[in-house]
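Line by line, the protein sequences are chains A and B.
Under my numbering, think of the first position of the first sequence as 1, with each following residue one higher.
Under my numbering, think of the first position of the second sequence as 1001, with each following residue one higher.
It is worth saying that the hints were derived from the structure and are not from the lab.
Among the hints, a few may not be true.
[What the hints assert, rightly or not] Per label pair, the in silico range of CB-to-CB distance:
#1 B:Asp1110 / A:Ser116: 47 to 55 Å
#2 A:Leu187 / B:Arg1142: 34 to 42 Å
#3 A:Lys175 / B:Thr1130: 43 to 51 Å
#4 A:Leu117 / B:Glu1223: 28 to 36 Å
#5 B:Glu1003 / A:Leu187: 17 to 25 Å
#6 A:Leu187 / B:Val1057: 51 to 59 Å
#7 B:Ala1171 / A:Ile101: 19 to 27 Å
#8 B:Asn1049 / A:Gly186: 34 to 42 Å
#9 B:Asn1061 / A:Gln87: 45 to 53 Å
#10 A:Gly173 / B:Ala1245: 22 to 30 Å
#11 A:Asn5 / B:Asp1110: 29 to 37 Å
[Said to hold, decoys possible] Simulated coverage check for chain B against chain A, where a stretch passes if three residues somewhere in it have a Cβ under 8 Å from a Cβ of chain A:
#12 1002-1014
#13 1138-1145
#14 1167-1175
#15 1219-1233
Glycine included, each C-beta is placed from N, C-alpha and C at the ideal position.
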Amino acid sequence: MSNSNHFLIRKVHSLLGIIPIGLFFAEHTAMNSMAIVDGGIWSAWTSFLHHMPFKIFLELGFIFLPIAFHAIYGAYIVYVAKNNTLQYNYFRNWMFYIQRITAIITVLFVVWHVWSLKTMNFWSTGSYINSFGAYLSSHPIAFVAYVIGFLAAAFHFCNGIWSFLVAWGITIGPKAQNVAFIICMGLMGVLSIGGLGALYSLMLH
Amino acid sequence: MAEMIRLRVKRQDGPNAASRWEEFNIPYTKNLNVIAMLMHIQKNPVMANGQKTTPVVFECNCLEEVCGACSMVVNGKPRQACSSLVDQLSQPITLEPLSKFTLIRDLQVDRTRMFENLKKVKAWIDIDGTYDLGAGPRMAARDQEWAYPLSRCMTCGCCAESCPNYNQKSAFIGPAAISQVRLFNAHPTGEMQSHDRLDAIMGEGGVTDCGNAQNCVRVCPKEIPLTTSIADMGRQTVKRWIDRALRS
Chain A
1 MSNSNHFLIR KVHSLLGIIP IGLFFAEHTA MNSMAIVDGG IWSAWTSFLH HMPFKIFLEL
61 GFIFLPIAFH AIYGAYIVYV AKNNTLQYNY FRNWMFYIQR ITAIITVLFV VWHVWSLKTM
121 NFWSTGSYIN SFGAYLSSHP IAFVAYVIGF LAAAFHFCNG IWSFLVAWGI TIGPKAQNVA
181 FIICMGLMGV LSIGGLGALY SLMLH
Chain B
1001 MAEMIRLRVK RQDGPNAASR WEEFNIPYTK NLNVIAMLMH IQKNPVMANG QKTTPVVFEC
1061 NCLEEVCGAC SMVVNGKPRQ ACSSLVDQLS QPITLEPLSK FTLIRDLQVD RTRMFENLKK
1121 VKAWIDIDGT YDLGAGPRMA ARDQEWAYPL SRCMTCGCCA ESCPNYNQKS AFIGPAAISQ
1181 VRLFNAHPTG EMQSHDRLDA IMGEGGVTDC GNAQNCVRVC PKEIPLTTSI ADMGRQTVKR
1241 WIDRALRS
């Protein structure tokens, strides 16, 4: 029982979902949402990220490794649960179940998203925003995959903030937990406007 | 002729035997509960179709919802058979054994895992040893007020039964034992062993293995604020974790 590594692993898994993965997701969505306002800002921000020093190490240390750990240990957490939403048709039980479904969707989406963009290498075309926009408008299945993948990631992140607050003992009572959930879903609404708006605007480019 | 209550019971002759459903007609009496229906079957083990069967095996003890022995799944939800009143149940009434524990026979299961988990977290107050230690410190009325409801836990297993993370694949000790850590750590004498209890729920199967599905608090027959206990233990274990690391 008193295996202190277990606590460490669980807490690291929980924390990584917020820092850096959640923060990166929020930044990624905020950056993409610039396409709604102005394609030039989107291109400039993309270029800024693309030209970050030691980019490969930043990608590895702040994106790839945290996501890999969160996803692999998370897959074990998904495996261990025995879902019972039909027998216990309660709201939080459904959120628990959807958190696990969106986890799987998000991992599959992220793998495809990174792999497909790396292989298509829109950067080499000279106008990332136009080539990516053309890709989205000519591949409706990819566009739908982006919508589903984004929404799954947004829910997983926002509902994950809620359970992070419980797991770390920040929101203890039921009322505090309910208020936190409303705020988390508000955040999901804001992120969704930014993310889905970005997809729509990019498709028009 | 008296009104008949239709009862469906999931039966299984042993841990490895196949399960089957048997139906019974039980004559209605005023304030009839599930235990009284099972006692009726013991006296007259005949199914609704007239076929003779063996009496249904079940456990019960206090008959007033304080011992936790008669936990079973009544109409799909885990609860105490003694406080399951027929007047408040939709028919046909279905009875199943708890699914998260080793089945002994019919509706009787082995809840040893629940009690082993209480031992793991030292869910007791150390008392005098070879000599009298004198009176212990007083507990503030403010703390008694929220701690008392936690002491109503009867280790019945309903919380564990409803928990998606409590199952044969996982080592999770379940909501009841975690809530008992909160209870005994709140007691001024029990607090003297608070580090041991927190350390015990920081290992595999401890408080971190809760996934916040929060079914436990919905099904608890004693209305114990289990999810509040779990979140509070989340805070105490994080504090303990940081403190332990910085003092090492």
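Verification of the supplied hints:
1. B:Asp1110 / A:Ser116: 47 to 55 Å: 52 Å, holds
2. A:Leu187 / B:Arg1142: 34 to 42 Å: 35 Å, holds
3. A:Lys175 / B:Thr1130: 43 to 51 Å: Given about 48 Å between the Cβ atoms, the range holds.
4. A:Leu117 / B:Glu1223: 28 to 36 Å: This hint is violated: roughly 52 Å between Cβ atoms.
5. B:Glu1003 / A:Leu187: 17 to 25 Å: Between glutamate 1003 (chain B) and leucine 187 (chain A), where Cβ atoms are some 55 Å apart, the hint is violated.
6. A:Leu187 / B:Val1057: 51 to 59 Å: Cβ of leucine 187 (chain A) to Cβ of valine 1057 (chain B): about 52 Å, so the range 51 to 59 Å holds.
7. B:Ala1171 / A:Ile101: 19 to 27 Å: 24 Å, holds
8. B:Asn1049 / A:Gly186: 34 to 42 Å: 58 Å, violated
9. B:Asn1061 / A:Gln87: 45 to 53 Å: 26 Å, violated
10. A:Gly173 / B:Ala1245: 22 to 30 Å: About 28 Å separates the Cβ atoms of glycine 173 (chain A) and alanine 1245 (chain B), which means 22 to 30 Å holds.
11. A:Asn5 / B:Asp1110: 29 to 37 Å: Holds, since asparagine 5 (chain A) and aspartate 1110 (chain B) (Cβ atoms, about 31 Å apart) stay within the stated range.
12. 1002-1014: Answer violated; 0 residues pass the 8 Å Cβ test.
13. 1138-1145: violated (count 0)
14. 1167-1175: holds (count 3)
15. 1219-1233: holds (count 8)
Violation of the numbered hints given earlier is confined to hints 4, 5, 8, 9, 12, 13; the remaining hints are satisfied by the structure.
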